[in-house]
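Student: The listed protein sequences derive, respectively, from chains A and B. First residue of the first sequence? That's 1 in this note's numbering, and the numbers climb one at a time after it. First residue of the second sequence? That's 1 in this note's numbering, and the numbers climb one at a time after it.
Take these hints with a grain of salt, some might be off.
Said to hold, decoys possible - Per label pair, the in silico range of CB-to-CB distance:
hint, chain 1, residue 1, chain 2, residue 2, range
1, B, 141, A, 84, 27 to 33 Å
2, A, 416, B, 182, 39 to 45 Å
3, A, 301, B, 53, 53 to 59 Å
Said to hold, decoys possible - Per the computed footprint, the stretches of chain B lying under chain A, defined by three or more beta-carbons under 8 Å from a beta-carbon of chain A, are:
hint, segment
4, 35-44
5, 47-56
These are calculated hints, taken from the structure and not from any lab test. Note that this is a predicted model, so its numbers are computed, not measured. For each residue, glycine too, the CB sits at the ideal point set by N, CA and C.
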Amino acid sequence: MITDKTISSLSEMLEKKEISSREICQAYLKRISDLNGRLNAYITVDPGMLMVEAGISDERRSSGKQLSRYDGIPIAVKDNISTKGVKTTCASRILSNFVPPYDAHSYEQMKSRGFLLLGKTNMDEFAMGSTTETSYFGPSKNPFNTDRVPGGSSGGSAVAVSSGMAPGALGSDTGGSIRQPAAFCGVVGIKPTYGRVSRYGLVAYASSLDQIGAFATTVGDAAVLLSTISGHDVRDTTSIDREVDFRPGDLSGDVSGVRIGVPEEYFEGVSEEIAAVIKNKISLLEKSGAVVEKISLKYTEYAIPVYYLIATAEASSNLARYDGVRYGLRPEGINNLSDLYLKSRSEGFGREVKRRIILGTFSLSSGYYDAYYMKALKGRTLIIRDFQDAFSKVDAIISPVTTTTAFKIGEMISDPLQMYMSDILTISTNLAGIPGISVPVGVDGKGMPIGLQIMGDHFREKTILSLAANVEKTCEKIKPEI
Amino acid sequence: MEYEPVIGLEVHVQLNTESKIFCGCSTKFGSDSNTQTCPVCLGLPGVLPVLNEEVLKKGILAGLAINAKIASYSKFDRKNYFYPDLPKAYQISQYDKPICEDGYIEIPVKNGLKKIGIKRLHLEEDAGKSIHSETPGNNFSFVDLNRTGVPLAEIVSEPELGSGDEAYEYLQKIKTIMKYIDVSDVNMEEGSLRCDVNVSVREKGAVKFGEKVEIKNLNSFKSVRASINYEIERQIRMIESGEKIVQETRLWDADSNETYSMRSKEDAHDYRYFPDPDLAPIILAPEYIEEIKKTLPELPDAKLRRFVDEYSLPEYDSSVLTSVKQLADYFEETVKLGANPKKASNWIMSELLARITNPEEIKSFHASPGMLAKLLALIEDGTISGKIAKTVFEEMTATGKGPEQIIDEKGLKQVSDTGEIDSMIDAVLKNNQKSVDDFKNGKENAFKFLVGQVMKESKGKANPILVNDLLLKKISG
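Isolated chain A (complex conformation) (with noise of 0.2 Å):
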C-alpha cells in the first residue's frame, strides 16, 4: 500500500517514475477521507489545491526540473505553522479564520525542496496540553486505541502519522510536544536545537522554548524532514547558521565507543513496563560497544515549575495581540473597547490557554516578578549546567519519553496539575535549547507504544539520529490496526 511507504521509498519510485506525486496524493487523501472523521488528525485538508501542486510537480519531474529527489511527495504540517493562503488556527476559536499572508520559513523551505501541502493537523490550543484535548476542533484519537489520546500538543501531525495519513508531518515542541506525541503513537519525532530551524511563522507560544521539528515512520525519513527545514533565517535572529551534518548518509548506525549517560532521576516514576523496555534497549546498545554510565542530572525535580513559569510569562504577552482588533474572532454586539477586549479573548480562548494566559500575567506582575519569574530563570541556568555538567563527560543521554503509554481521552484534563506533571521527562531539553528524540521501541501490556528517548549537547542532532538508527534496527515495526 502506497500509504505504508517511507519518504524515502516514495522518492526513489518517484525518481524511477514507478509513480507519479498525483497517484501518492490521492492515495493519502482517500486514507484521510476514511479514517479522519474517526481520528481527527487534521483541522484543514484542500484536495483540490493539493491536486493541482501533485500535478505541477508531476510537470516538473516530467520536463527534468524536479525540485529534489523529493518533489511530489505530500506532508502534514502543524496548524501553528503559518502557510500563506492556507487557514492556520492554532486550533483556536480566536483564530479559526485566520489565513496567514506568508510561509513559515520551515514549510518554505519544505515547498522549495518541492514538497507539497496535505493538509494542517490538530492540535492543543496555542500548544498548550498534552493530549490534544484542548483543540477547538475536538480531540484527535490515538490510532493504536481510539479510546486513549494521541498526546500533544502536537498531537494531530503524530496520529496522521502512525496511521498512514501522512508520510511524514512538521511538529512543534516546547516542552515535549513532538517526542510525547511520537511516543504514545508509536513513531520517530525529532525537536532539533533551539535555533537550528526559524520560528519565523511559527505562531509563537513560548518564544524561547518553541522549536519546530519533525515526525516520520522511521528514523531516516525523520532526517530527511529535519535537515530540510534547518537553515539561518534572516529573519529569526535566534536562529542560528550551522552546517547540516545529520543528512540520511551521513548516519552510520554504528555506537562503538559512544558514551551514553543514564540519568537515574529519569526513571523515578516511571511504569516498570517502560523502564524495562528502555533498559533492554541501552544494554544492546552497550553491546553493540557504546559505553554506558549512570549520570544525575539533579535539577530535574524543578523542570515543572520553572517551565510552567518561563512558558506561561511568554505566552501571556505573546497572546495579548489576539485582541478583535485586526484580525480573529470579534463576537457581535461590542459596544466599547474594553467589551472589545474582554468578549473577543473570553470567547475566543479556551480554558487552559487561559489559565496560561492568568499564571503568566501573575508571575510577571510587579511584586510578583522576582518570586516567580526571575526565580524561574536562576531554575533555568542551574538546569542548563547540569546538560553542561553531563555533556562533559557523555555524548548523549537516553532516558524514557514519558512516564506512562498513553492514558485514557478525559483522564487528566480535569487534572491540570496532573497533566503538568506528565511533561517531566521532556521539557528540560527545551530549557536547555538540547536536541532529541523520540524512537518507538515497544509496546506495553495493553498494546500502547512506548518511546525511548536520546538527548544530544546543542546541534549534535548527528549523534543522537545515529544511536536512534541503531535502536530501530533492534526494534519490530509497530503499526496500529485501524
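On the provided structure of chain A, position chain B as indicated by the hints.
Tutor: Just chain B now, kept in the frame of chain A:
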C-alpha cells in the same frame, strides 16, 4: 516659606532612519494610513522582530553626543499593555539594561552654564496612531499603523531642572545636538520630538522629594515651559493651603493654560516588563563604539567655544552662529574664502538671517558663502559702499547672480574719481546756497544734508569718504 521645584524631562526623539526598528517598512511621514506596514509591524501571528542596525548606530551616536556611557551589554524588553494602536499589545523597549546611561548636557543659565544629568537613553519602537471620529453620530475610531515600529530614543534627564525656563533651554539643547549629529528631525509638530514632564515641589533645602506629578500632552517647547510654571504654582498653592499632593498624571490644556488630572497612581499600568525572548541581547565590542565615535561631528558647545577663540567673535555671535550646524558651516566657509570673521558674522546675523526662515535650508539659499565673501571683499577694496552692498546682497538672494555681475549689470560700482565727484558737488552747491550759508553759520546738520544730496546725485555710488573730504574742502575753503 520658600519652595524649590524639582523637574525631570522624558524626551522621545524619533530616529531618522529610512526603515523601521524591527522590520523593513518605510518611516516616511504623512503617507496614506496603513500603507507602510507589513506582517511584522502589524503584529500578525508568528512573525519576529529583527533589529535595524542603523537604529543601533544612531542610538549610540546620540548617547555619545550627550556624554553618556555606552553599555557593552544591553537588551530589549517587552512593555505589556493593551491599546488598539499597539498591535502586539506590547511595546519593545529597554527596561533595566538601556543602551546608554549616565550622561549630561550643559544649558545656559543666568550666571553661566548648568550641567544637567541624563539618567539614560534607551531605544524602543513607536506605537501607531488612534484617530477618533469627530463626526456626530459616528462613534468609530480608526487606527493608523504607519508609525508603528518607527524607532525612538527616549532620553530621561535626572531631576535636576529648576524651572520652566531651564526645561526650555534643556529641550533646545537636546534639539540642537540631535540635529547636529543628524539622528532626528526633532520636529515637535510632526511628533519626531515628544516630551513628558515630571514636576514636584519641596521646601527649599529639603532632602526628600515631594510627590511628583507627570504632565503629558505637551506639543511645543512653550507649552512645556508654561505647564511647568503652572504646575509649580498649583503645587505650592496646594501645599500652602494644607492639601496633599498626590502622585498622578495630568494633561496640559493649551487653550486654558491649565493642567487637569488624567489618572492617579492607583490606576497606573503594571507593564509587566520582561526580556523579549525574540531578540538576542546586544553585546558591543569597544571597537564598534570607537568606529561610531569617529563619525561624531564637533558638537554645538565645542563649536561655540572655538568660534570665540579662533575667530574672536563675541559670545552672542558665536551662540547664534552655532545654534544650527548648517549656519555655522556657512559662516566658516565664508571666512575660509577670505572674509573678516566679525564682518561675516554681522552680515549673516543681520542680512542673511532676516531673509531665511529655516537656517537648516541654507544650502538652497541663493547667496553662497563664496558670494558673501566676494561681496565683503568688494566693500573692503572700495568697489562698492556698505549701503550699495545691501542692494547687491538683496539681488544675490533673489537671483543667485554673483556680486560682480550684479554690480556690472546695474552699474553700481562706487565712484572714486575725484573729478567726477567734484562736478557733482558743484551742482549740489549751486542749488543749495541756503544750506551752504547755514553751514557757515555753524549749523553742523547742514553739512550732513549736503553730503546726502551729493550721494543722491550719484545714486549712492559716490565713495562717501571722498565726498566728505572734497565737500569739506570746497565749502570751508
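Student: So, for every hint listed, does it hold in this structure?
Tutor: These are the hints, each one checked on the structure:
At roughly 31 Å, the beta carbons of residue 141/B and residue 84/A sit within the given window of 27 to 33 Å. Residue 416/A and residue 182/B have their C-beta atoms about 56 Å apart, which leaves the hinted 39 to 45 Å range violated. A hinted range of 53 to 59 Å for the beta carbons of residue 301/A and residue 53/B is inconsistent with their spacing of about 43 Å. Against chain A, the segment 35-44 of chain B contributes 4 residues with a C-beta closer than 8 Å to a partner C-beta. That satisfies the three-residue criterion, and the hint holds.
Remark: the segment 47-56 of chain B is confirmed as covered by chain A, as 5 of its residues place a Cβ nearer than 8 Å to a Cβ of that chain, reaching the required three.
Checked against the numbered hints given earlier, the structure breaks hints 2, 3 and satisfies all the rest.
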